[in-house]
Each structure stands twice: as structure tokens, then as C-alpha cells.
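These protein sequence lines are chains X and D, in that order.
Under UniProt numbering, the first residue of the first sequence carries the number 1, and numbering increases by one thereafter.
Under UniProt numbering, the first residue of the second sequence carries the number 1, and numbering increases by one thereafter.
Because the hints were derived from the structure by calculation, they are not lab data.
Do not rely on the hints blindly, as some may be mistaken.
To list a few chain D residues with every Cβ distance to chain X over 12 Å, as calculated [stated by the list, open to error]:
{"hint": "1", "residue": "Gly39"}
{"hint": "2", "residue": "Gly79"}
{"hint": "3", "residue": "Ser119"}
{"hint": "4", "residue": "Gln131"}
{"hint": "5", "residue": "Arg134"}
{"hint": "6", "residue": "Phe153"}
{"hint": "7", "residue": "Val160"}
{"hint": "8", "residue": "Ser166"}
{"hint": "9", "residue": "Gly189"}
{"hint": "10", "residue": "Lys195"}
Okay, the calculated bits of chain D under chain X, using three or more residues with CB under 8 Å as the criterion [unchecked claim]:
{"hint": "11", "segment": "19-32"}
{"hint": "12", "segment": "53-63"}
Here are some of the chain X residues that sit facing chain D, going by a computed Cβ distance under 8 Å [said to hold, decoys possible]:
{"hint": "13", "residue": "Glu27"}
{"hint": "14", "residue": "Ser28"}
{"hint": "15", "residue": "Gly97"}
{"hint": "16", "residue": "Asp113"}
{"hint": "17", "residue": "Glu150"}
{"hint": "18", "residue": "Met182"}
All C-beta atoms in this analysis are idealised placements derived from N, C-alpha and C, irrespective of residue type, glycine included.
Protein chains: 2
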Amino acid sequence: MKQERSQVTRDRLIEAAGEVFARAGFESARLADIAQLAGVTTGALYFNFDGKEALAANLIQRQSDIATTISKEALERPGEALESMVQLSLDWARLIGSDPVAAGVRLILERPDLLPDISTPYAHWFSVAEQFLRRADANGELARHIDPDEVAFIFTAAFVGVDILSGAVQARERLIARVQLMWDVLLYGIADTRKAPGAARILRGTGATI
Amino acid sequence: MKQERSQVTRDRLIEAAGEVFARAGFESARLADIAQLAGVTTGALYFNFDGKEALAANLIQRQSDIATTISKEALERPGEALESMVQLSLDWARLIGSDPVAAGVRLILERPDLLPDISTPYAHWFSVAEQFLRRADANGELARHIDPDEVAFIFTAAFVGVDILSGAVQARERLIARVQLMWDVLLYGIADTRKAPGAARILRGTGATI
């Protein structure tokens, strides 16, 4: 019972940290604000985490767990590869905008030194994109010969950039629309939309043009 | 005379700061290392700058000045718009890899709170991309109707993302090749390469495929 309660407190603290870090940035975030938002005392925060850096490191690990889970599900989905890939990127964009844990993803940029290996989060998305593109190629969904490895790099970079610019320049709520826009530009260059109708439908269905 | 010497010292400190911040990140960078690399005492550093944050803020301002200068020159160049745009992005990538001031560009991600307005650096590149795309559209260089505003956003995002991933995942020296790769994917989607032969030539000439 005690252990369960402790886990609940830790979860609440990590969610609160995600919200406060997302809003204020690592540097300006105050532990007192995180504790208050979690509904616990600052003492309870220190009982569970060694401090701001430990809290941030835990948050990054939790983000990684979420990304792994939703990617695995998307990769196991049968059918059109580009459709699943577009859907996954929109799902992740939605989580960044609505899930307090995922919202704190800017920590990776602010404090790369908190990660055991900074390449890990990018390597994850890179590998996922590469698997989707290989399947798209095998399914004949692509408009031309592309190197899955090279295009996976550009996809990952564009997504990371769109996330940063959406956070820096405008409200995060517009992230989903911006990811659709990214797909609109990229899909035009790589996909045969007649052979990848699902991806085209998702973008049309959400109001983006293709 | 004294004033000139002081400016030389400040310049050397800013360049040294760019190198150390680029290598170690803001958090881990040591002022003693910056002073040593600049060939001055830590006392001289503090005489010129109030501390690490002031040094970083000055460095960011100097990066912004360089970006403004090279963008202005590129925008004034007559002829094919996409060619000038590709060339400018490769020039900037080259500077990030070779100029100590430009190399410290990751500071903007680590300490966005040091900027008076975080949207400024992105707004600059966004505006430059938009101007090039409008000209490309007027010149008939584009393959289809595109919204310059929307595509400018994706270009800026992709460039920022490529820079981050190149820094995080692999040696910065590969940044130029990665920017070429980005263009390879994006240009295919937006340009009529017969009407924008210069851009295509730059990419081919540097070994990228188009």
C-alpha cells in the first residue's frame, strides 16, 4: 500500500515537472512550483527525487517509454506503411500538446548532459522512420527510389525542428497542424499518393492539403 | 589604442566562448577554459563580461549579426532564387562547422531565456526563406503552387532539426552533407529542376544526388 502511494506521488511529481519545465524551461523552473502543482510538500519532492536534475532525468526516461510504446504499436499495424507513419507522428504531436510527460520534451534540448547518450532519442525515431520507409518501399508506396536511411534522417530532423519552432515561435497547440504541413511537403516529394491513399486521406481528413 | 585592444580581447573571448560552449554545452563550460583558450586571465574575462550568461548573450548577438549579413548578401544576388537559397544554407552550414562564433549556435536551444525574444533567430530564417520562395514562385522555378509562408516554415524547421541531429548524433563536419540531403528531399517536392538548374547543379556539384 505504502509502495503504491509512493509510486502515485512520483508519477504526480513527474507530470507536474513536465508541465512546469515545458512552460518555464529547466533553468527557470522552481521545485516549489512543481511540488505545489503535484499537491505535495517540497519535502516529499526531495524524499522521492534528489533534486531538479534527477526529476528531469526521470521525466526524460518516461518520455522515452511512451515513445517506445506508441512506436511499437504503430510498427505492428498491418497495411499501408506511410499511413501508419503519418498517424504515429500525429499521435506523438498530440501527446506533446496534451500529455504533461511528453510536453517536457524540450528538456532534451536544454539539458542534453542529463541523458546517458544524447543520440538515443533521435536514434529511436530515426530507426522507426527507417523501418516504415523500408516497408513503404517494399509495398511500392514510394514515387521514386529513395534511400530509407537518408530520408529517415530528414524526417526525424524535420519533426524535431517543427517541434522546436512550434514551441519557440507559436503556441504548441499548432504543432499538429505544422506536422501535417511537414507531411504535405515531404510526402509530395517521396510518395506516390495513389499507392499510399491512406496517408493522403489522413492529411486531407485533418484539413491539410496534399 | 586601449579601446582597440579591449575590442580585440572581447572578440577573442567571444570566439573562445563559441568553441567551448559548442564542445561542452553551456552548463559544463568552464570560464577558466574560455579565458585560457582566449589567452587572457580569468580577471580579464570578468573585466569584459559580467559572467557566463553575459558572454553567451553576446555570442548569440554576434551569431545573429553574421546570419543577417550573409542573408542580406544572398538576397541581393540576382538570378535564380532557389540557387541562392541552397547556396546560403550551405554557407551557413559551413560557418557552423568552421567559425567559432557560429559554432556556438546550440546556445539558443540550451538557454532560450538569454534571448530577449526566442522567436527572433527563427523569424530571421523564416523571413529569408519566404523571400526566396516568393521570388522562386515569380520566376516559375516551382513545380506546383506552394504557399511560400508554409514551405518557409518547413525549410526553417528542417534546417534547425538537421543542425541539432548533426550535432547530437554525429560529427558536425557532416552538417554540410546533411543539408544537401535535406535539399535533395525538399527540392524534389517543390522545384521544377529544369527551371531551377542552378540549385540542382549545386547539389550535384557537391556530390549529393537529385
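Self-check item: No chain X beta carbon within 12 Å of Arg134(D)'s
Solution: 16 Å, holds
Quiz item: Just checking, Gly79(D) versus chain X, shortest CB gap more than 12 Å?
Solution: The assertion about Gly79(D) holds, with a minimum of 24 Å to chain X.
Quiz item: Should the label of Gly189(D) as a non-interface residue stand, given a Cβ cut-off of 12 Å to chain X?
Solution: The claim is violated: Gly189(D) sits with its nearest Cβ about 3 Å from chain X, within 12 Å.
Quiz item: Are all C-beta atoms of chain X more than 12 Å from that of Phe153(D)?
Solution: 7 Å, violated
Quiz item: Per the CB criterion, is Ser28(X) less than 8 Å away from chain D?
Solution: Because about 6 Å separates Ser28(X) from the closest Cβ in chain D, which is inside the 8 Å limit, the hint holds.
Quiz item: Does the nearest C-beta of chain D fall within a distance shorter than 8 Å of the C-beta of Glu150(X)?
Solution: Holds. Min distance 5 Å.
Self-check item: chain D contact restraint on Glu27(X) - CB to CB distance below 8 Å
Solution: Where the cut-off is 8 Å and the nearest Cβ of chain D is about 6 Å from Glu27(X), the hint holds.
Quiz item: Within the assertion that chain X covers the segment 19-32 of chain D, do at least three residues meet a Cβ-to-Cβ distance smaller than 8 Å?
Solution: It holds: at least three residues are needed, and the segment 19-32 of chain D offers 3 whose Cβ sits within less than 8 Å of chain X.
Self-check item: Status of Val160(D), Cβ more than 12 Å from any chain X Cβ
Solution: 4 Å, violated
Self-check item: Verdict on Gln131(D) as a residue remote from chain X, using beta-carbon distances over 12 Å
Solution: Correct as stated: the minimum Cβ-Cβ distance to chain X is 17 Å, above 12 Å.
Quiz prompt | Cut-off 8 Å, beta-carbon criterion: hint that Asp113(X) touches chain D | solution = 6 Å, holds
Self-check item: Hint check, Gly97(X) versus chain D [nearest Cβ-Cβ separation less than 8 Å]
Solution: Since chain D brings no Cβ nearer than about 16 Å to Gly97(X), farther than 8 Å, the hint is violated.
Consistency note: the structure conflicts with the earlier hints numbered 3, 6, 7, 8, 9, 12, 15.
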